[in-house]
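Can you build the whole structure from these sequences, using the hints too?
Here are the chains, one letter per residue:
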Amino acid sequence: MMSSEPMQATAAPVEAAPAAKPDHPMRETLKIFLKNRSAAGGLILLGLILFATIFGPAIYGVDPYEMVWMPLSPPGDGTPLGTDYIGRDILAGILVGGRVTLIVGAVSAVMTIVIGLVVGSFAGFFGGRVDAALMKFTEFFQVLPSLLLAMVMVTIFSPSLGTIIFAIGIVGWAQIARLTRAEFMRIASLEYVKAARAAGARDGYLMFRVILPGSLPPIVVASALVTGASILFEAGLSFLGLGDPNQLSWGLIIGQNQNYLMDAWWTVTCPGIAIFLTVLAISLIGDGINDALNPRARKRG
Amino acid sequence: MTGTPFLEVRNLTVEMKGESGAIRVLDDVSLRIERGRTMGIVGESGCGKSMTALAIMRLLPPGFEITAGQVLVEGEDITRVPEARMRALRGNDISMIFQEPMTSLNPVFTVGDQIAEAVKQHQGLDAGAAEQRAIEMLKAVQIPGAEARLHAYPHEFSGGMRQRVMIAMALACQPRLIIADEPTTALDVTVQAQIFALMRELQQETGTAIMLITHDLGAVAELADDVAVFYAGKRIESGPAGAILRHAAHPYTSGLMSCTPRLRLSAAARDGAAVLREIPGMVPQLGRMPQGCRFAPRCPLADDRCRSVMPPDVEVGPAHAAACWKAETEVMA
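Residue numbers (UniProt numbering), protein chains in the order written: chain L, 1 to 301; chain P, 1 to 333.
Please note: incorrect hints may appear among the correct ones.
Derived contacts from chain P toward chain L, CB cut-off under 8 Å, selection only [as the list claims (entries may be wrong)]: (1) Gly69; (2) Arg87; (3) Arg90; (4) Pro107.
A short list of chain L residues far from chain P (calculated; beta carbon distances all over 10 Å) [claimed, not checked]: (5) Val68; (6) Glu191; (7) Phe276.
Because the hints were derived from the structure by calculation, they are not lab data.
Here the structure is a predicted model, which is why all the values come from computation and not from measurement.
Here a beta-carbon is modelled for each residue, glycine too, at the ideal position from N, C-alpha and C.
Shown next as structure tokens:
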């Protein structure tokens, strides 16, 4: 109620005074997004996490690879978050390891989204045989157990950052492709696409300037979820010992300390909370985008 | 009326390839649209009016195919030209206005962007010149405050205003033919009249030809110079609008006209002249066409010949033809 009435009140003066600058739909969406408390909270949380991983190591100034204290000493006893099984500072590890976790998560999410978007848009736009072939290809990736596929790929190639990003990117794109295809099919049948075609638009223009902008809302929401899932995936692979052993990441800290879980909970819990908060922040943002873009999901009052 | 017309459709046949074989949706249709004139295409829903328009634009939906005939644009058969040539024609020489103004504009771009886009693509204008053209076009279609409205989004316009924007888009490249597929069906009657007046005015200024697809005979009487009547995928009568409205030669055309409600003075109404008639029966299903004349099952004049042999086009007056065995010439009528 509160959100719908002021909008109607502003709509009338726009009609009366044509000079008033009309609100771009994106700006309106942004306003709704920022009004959403949990979405704004997610944005702040993600901002803090990014700040901590970018500037944290320099501010804290402890080398995460060095033995700095007694092994497995609890939090507060010389180090803020305790030390791991060979006496390395957990807080320093989280600050530095966050970089790898976030970069791997973000880059592989981008890869997932780009592959899914391209496959889905071509399948949805051209239909027929192109669609059938691309969807068979997509199904092939959908039916394979994704963690297993990623594990096999990382094992075959040596576990470096590149192969991990590639492995995570290659297993998750199928759902984005299906979503994009469905949106493209829906929008391609709308009158304004026919009108653009009748005005002489090329296929590429129709796909990326006419249909894509209209199909973005659900894809943006799915992309946020995919980013969260990619971070979890990276942590999962590292935990299983399939991460890059030379690159400290949250998953790696958990994996290396898993044998001490019963005696030194902090070695595993602290990086675990970091992963949890990051994925939570991204999910809140995704949810907020969904609410802002989808008027039916907007909360009343 | 002399020389090659701007658009000539010759014996156009369109088929839908289905699982149970090909179904003819357009059968041997011929039309001539002269430069600067308005051709009204009339008929019931599903008789092939829109299909003809889409075939001319070569935008038939998947599964539909032109299997015979020609579409000549100033003598060039565009059923055979490469797709790139077709794209250059669409929007530049022939443009189209669709039925639904509410959904024909892209909701995520401003109307100015949408008008300017076609100009940029077809006429190679830069962004500034294209925007200038967009303002001119919005002024031409009488949208108040054109400069400010340029940056407005489609949802800020009413239906009639959006149809004006659509007309502005269609006219932006100064095409020589506009195909208007039921441009006013979704609009109020008063707005309809405004749109028709606007189209007539713009036609006089620009000399563009209009192909007006409609099931509204009132619109035809108001706007069209020539009329073609379609029934079940065939063009059954064509000729000058005045001649057809006065002396319809095909029984379907006269039936269609007696189905149109007219306001009459009370004196005439008392005589019972205001009774609204209907054409009995239904349009035959595609793929299950009767053997002879397609209208025969519903025609009050039909005899055995009508039911067994398809009637040819008969000249019934100057430039006036009807496909009916019973068609009378204008002189006799």
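Hints versus structure:
no., hint, in the structure
1, Gly69, "violated, 21 Å"
2, Arg87, "holds, 5 Å"
3, Arg90, "holds, 4 Å"
4, Pro107, "holds, 7 Å"
5, Val68, "holds, 55 Å"
6, Glu191, "violated, 4 Å"
7, Phe276, "holds, 36 Å"
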